[in-house]
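With the hints as extra help, turn the sequences into a complete structure.
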Amino acid sequence: MATAEPFSMKRYLRPDLALPFCVGCGCVNVMSSFLRAAHELGHKDLSKFVFCSGIGCSAWIPSPYIMGDSLHVLHGRSIPVALGVKLTRPDLNVVVFGGDGDIAGIGLSHLIHAARRNLDIVVIMVNNMIYGMTGGQVAPTTPYGIKTTTTPYGNFEYPLDATRLVVSAGASYAARWTTAHGEELTQAVKKAITIKGFAFIEAVSPCPTACGRRMGFREVADMLRWFKDNSISLEQASEMDEKTLVGKIVTGEYVHREKPTLTDNIYRVVKEAQKSAAG
Amino acid sequence: MRALARKVLSGTHFWQGNEACAEAALAAGCRFYAGYPITPASEIAEHMALRLPQVGGLAVQMEDEMASLGAVIGASWAGVKAMTATSGPGFSLMQEMIGYAFMTETPCVVVDVQRAGPCTGQATKVGQGDVMQARWGIHGDYAPIALAPNSVQELFDLTVRAFNLAEAFRTPVVVLSDEIVSHMHESLTLPAMDQIEVVDRKKPKAGDSKFFMLPDVAPMPSVGEGFNVAVTGSTHDESGRRFTADQAVHQRLVKTLTDKVMNNVEKIVDFEAYNVGNCDVGVVSFGCTSRAVYETVELAEQKGVKVGFVRPKTVWPLPEKAVREMAGTAKKIVVPELNMRELYYEVERVVSGAAPVVSVNKVGGGEMITPEELLAEVLRSVK
Numbered sequence: 001m002a003t004a005e006p007f008s009m010k011r012y013l014r015p016d017l018a019l020p021f022c023v024g025c026g027c028v029n030v031m032s033s034f035l036r037a038a039h040e041l042g043h044k045d046l047s048k049f050v051f052c053s054g055i056g057c058s059a060w061i062p063s064p065y066i067m068g069d070s071l072h073v074l075h076g077r078s079i080p081v082a083l084g085v086k087l088t089r090p091d092l093n094v095v096v097f098g099g100d101g102d103i104a105g106i107g108l109s110h111l112i113h114a115a116r117r118n119l120d121i122v123v124i125m126v127n128n129m130i131y132g133m134t135g136g137q138v139a140p141t142t143p144y145g146i147k148t149t150t151t152p153y154g155n156f157e158y159p160l161d162a163t164r165l166v167v168s169a170g171a172s173y174a175a176r177w178t179t180a181h182g183e184e185l186t187q188a189v190k191k192a193i194t195i196k197g198f199a200f201i202e203a204v205s206p207c208p209t210a211c212g213r214r215m216g217f218r219e220v221a222d223m224l225r226w227f228k229d230n231s232i233s234l235e236q237a238s239e240m241d242e243k244t245l246v247g248k249i250v251t252g253e254y255v256h257r258e259k260p261t262l263t264d265n266i267y268r269v270v271k272e273a274q275k276s277a278a279g
Numbered sequence: 001m002r003a004l005a006r007k008v009l010s011g012t013h014f015w016q017g018n019e020a021c022a023e024a025a026l027a028a029g030c031r032f033y034a035g036y037p038i039t040p041a042s043e044i045a046e047h048m049a050l051r052l053p054q055v056g057g058l059a060v061q062m063e064d065e066m067a068s069l070g071a072v073i074g075a076s077w078a079g080v081k082a083m084t085a086t087s088g089p090g091f092s093l094m095q096e097m098i099g100y101a102f103m104t105e106t107p108c109v110v111v112d113v114q115r116a117g118p119c120t121g122q123a124t125k126v127g128q129g130d131v132m133q134a135r136w137g138i139h140g141d142y143a144p145i146a147l148a149p150n151s152v153q154e155l156f157d158l159t160v161r162a163f164n165l166a167e168a169f170r171t172p173v174v175v176l177s178d179e180i181v182s183h184m185h186e187s188l189t190l191p192a193m194d195q196i197e198v199v200d201r202k203k204p205k206a207g208d209s210k211f212f213m214l215p216d217v218a219p220m221p222s223v224g225e226g227f228n229v230a231v232t233g234s235t236h237d238e239s240g241r242r243f244t245a246d247q248a249v250h251q252r253l254v255k256t257l258t259d260k261v262m263n264n265v266e267k268i269v270d271f272e273a274y275n276v277g278n279c280d281v282g283v284v285s286f287g288c289t290s291r292a293v294y295e296t297v298e299l300a301e302q303k304g305v306k307v308g309f310v311r312p313k314t315v316w317p318l319p320e321k322a323v324r325e326m327a328g329t330a331k332k333i334v335v336p337e338l339n340m341r342e343l344y345y346e347v348e349r350v351v352s353g354a355a356p357v358v359s360v361n362k363v364g365g366g367e368m369i370t371p372e373e374l375l376a377e378v379l380r381s382v383k
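Taken in order, these protein sequences are the chains called A and B.
So in the numbering used here, spot 34 of the first sequence is number 34, and the numbers just go up one at a time.
So in the numbering used here, spot 36 of the second sequence is number 36, and the numbers just go up one at a time.
Hints were generated in silico from the structure; no laboratory data involved.
What you are looking at is a predicted structure, and each value in this text was computed from that prediction instead of being measured.
Careful, some of the hints might be misleading.
[Stated by the list, open to error] Pairs of lysine-lysine residues, derived as BS3-like cross-links and limited to a Cα-Cα distance of at most 27 angstroms, are as follows:
hint	chain 1	residue 1	chain 2	residue 2
1	B	Lys202	A	Lys48
2	B	Lys205	A	Lys44
3	B	Lys210	A	Lys44
4	A	Lys271	B	Lys7
5	A	Lys191	A	Lys44
6	B	Lys267	B	Lys210
7	A	Lys48	A	Lys190
Okay, here's the thing in structure tokens:
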């Protein structure tokens, strides 16, 4: 039910706050893609949503800028808080925004278990491949060899593929795009909101301040161009060997399968227990 | 079978402490439980998993203790009363979340069934070493409420009260049980449902926009009610707006949060007292250890020594007035506890030199301080 009104980000934001993001930060694109998706799905406001976020720049996408209910919680713990909200209010769309440090670092086990449970929330992981807010330390998603403030001689560890991880853990929906793929990202968010079950979107996103310049990109546009040039589709990737895939951003829809959700399952248990207790 | 659908199983029962705790949560209106298995608290999770669905509530086992309290906090903001239970190691992991609940004024109940620490320690053996963790476990300033039952009946009563205090003051409340009180079986009586006092959080009216840091406890909206509430563990103002650089806002926030509890100590404090105004020796004791005090009093009286005692049911805030009154007449104050001195230092601070304070300590092996051991310290240098 597309609305005839043109999309305006402002309509969904608190009126008197200036966004906190650096020039060129991908968080603005992710915010825009999300709000555009909500708009295209016919949401005139965000009263049917609850936002949870942890700590990091991308946790500021909803809190407190988006006009809606938001729980801005501890570093890494947005998904368990979202679980408490969703189980109590299954009628609301619960959306988690978080960075790669928040979601795939300190909070990784919650991500895996949410996918395993098929908790019907949307998790949007803004992957800037760095701890940006704290000044550019190495993240579990930083490519091998990259110099960061805590890997001054180059990263000596391998990055984590969070999207493939949630697929194997049981997610109902998983997709990876970059902020250079605005339309694809928006369409993925729409799917993530509408499907039943755990939906994960990895948005590879530039952090010009703490990451881009250390990777040798002089301009924000250079990094976005690198995203585009370095991205390959899942189909292309399927024909490549592991060695050639190193350092590539494999974009696309990784999984779209539906099965009963945690909410479905737990309320079925409640119904059965109540029936049998009543004799 | 029909009885199982009842929210309060009114009547007299012979139950384990942890069962009584779980049933108390149901009676207080708790409809969400999230926890992680740990000895000696697991029976609470097991009983909640069995009973909550029968009354339409939800119980879920999380991947760790941070997630457990996180889910509880999410459920609380979604509008239900919620609880978790753990023991020392899990209580340590929950401290950051307790700080979040305190900072965001989220009502929730955390049951800590103490075992012998530090660290993994002796998982199946009693301890009372979490007194100071309940006081100072979070970073930054804090005004805790922690209730310490000494019987199965009291574990029921104080768990109900923990929910009421959490709702009334919008703050996390700790039930500081221990392995003995939680694992022993005793008879207890559950009142009729309408005889149990149940407090619910104050709700905002349409148009309200101040949901935090009001001196007389701000009304709490739930998510999904249209209030567009922004909840954050960062420094914030009455509307929830983040202020991470302003000294005045931070000071006002922290002062309001701590004052909310400390200005209401008289309403919160609860204790049992005996002979406080007229005793030779005073004892301050809580939880399982305090069960030995009654016999010590009798044994001492047979020897002509009058023993008074203060048994805090609220370890935090401590019944300071009663302890001070007792120190005014007693020649010394004895603090027996299953740790190497925790409550002792607090009593020493409260007594402030009015009487010498001595401790009786024992840790590990599931061993209690016996009435005779306590008596020996009571009689030392008095007779």
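Results of checking the hints against the structure:
1. B:Lys202 with A:Lys48: Holds, because 23 angstroms separates the two Cα atoms, which is no more than 27 angstroms.
2. B:Lys205 with A:Lys44: holds (24 angstroms)
3. B:Lys210 with A:Lys44: holds (25 angstroms)
4. A:Lys271 with B:Lys7: holds (15 angstroms)
5. A:Lys191 with A:Lys44: Within the cut-off at roughly 18 angstroms; holds.
6. B:Lys267 with B:Lys210: holds (25 angstroms)
7. A:Lys48 with A:Lys190: Holds, at about 14 angstroms.
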